[in-house]
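Trainee: Chain S is fixed; fit chain R onto it per the hints.
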Amino acid sequence: MLNRRISSVDLLDILESGDNAVIEIGDSRRISPETHVIAVQREKAIFFEHEFSFGDYEIFFRDIPRPVVSEDVEITTLHRSPVIQVKNIDIFSVSTSGVVHIGSGDNIRAEARIKHIRHLLREDD
Amino acid sequence: MTYTVINEELKVEDASITFITTSSVFFVGDIKTISLATAFDSPPEEEIVGVTIPLLE
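Protein sequences appear in the order of chains S and R. The first sequence begins at 1 in the working numbering and counts up by one. The second sequence begins at 1001 in the working numbering and counts up by one.
Hints were generated in silico from the structure; no laboratory data involved. Be a bit skeptical, because a hint or two may be false.
[Unchecked claim] Example chain S residues on the side facing chain R (calculated, C-beta under 10 Å, incomplete):
(1) Phe60
(2) Val69
(3) Glu71
(4) Thr77
(5) His79
(6) Ser81
(7) Gln85
(8) Ser95
(9) Gly98
(10) Ile117
Treat the numbers as computed from the prediction; the structure is a model and nothing was measured. Glycine included, each C-beta is placed from N, C-alpha and C at the ideal position.
Only chain S is shown next, with the shape it has when bound in the complex:
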């Protein structure tokens, strides 16, 4: 277990954080943000309510191979200074499973799946 340090933040200025964003000053065990997006652009911008569902697109349930950490490596970490110091961080927007984390952690497992669809009018329309 990493010996933890103290997170010290002077100024963290975030203009907008929403859509399930996480802002953490401190330590964590596991961070696993996940994003599923269907982005539809239509030349004739008419949209109906129940049009697109994630289940219809294989990209959202196809397995993504992950690297397997198999090396037998033993790391000892010594922190000369017990502080993680942040003076001034300025962020415009954190959104769509975005994470800001000032502190120690064990592992991050992030995943994003994005499907783009464009509906253009045919030439003869």
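Mentor: Okay, now just chain R, sitting in the frame of chain S:
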């Protein structure tokens, strides 16, 4: 294999970021493992699909 990491000082003076989005992580600190995965699907034929919905005038 064993090795020792000696961290001196960890200090961020100034950082300025516009967008952190779609499972992106801005991380200041110590971490053991990071695994990132993205699947992106924007096939060209999606571009030329005609509008499948009735055009309401």
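Trainee: Now tell me, hint by hint, if it's right for this structure.
Mentor: Right, here's what the structure says about each hint:
| no. | hint | result |
| --- | --- | --- |
| 1 | Phe60 | holds (8 Å) |
| 2 | Val69 | holds (6 Å) |
| 3 | Glu71 | holds (7 Å) |
| 4 | Thr77 | holds (5 Å) |
| 5 | His79 | holds (5 Å) |
| 6 | Ser81 | holds (5 Å) |
| 7 | Gln85 | holds (4 Å) |
| 8 | Ser95 | holds (5 Å) |
| 9 | Gly98 | holds (4 Å) |
| 10 | Ile117 | holds (5 Å) |
Violated hints are absent here; each numbered hint is respected by the structure.
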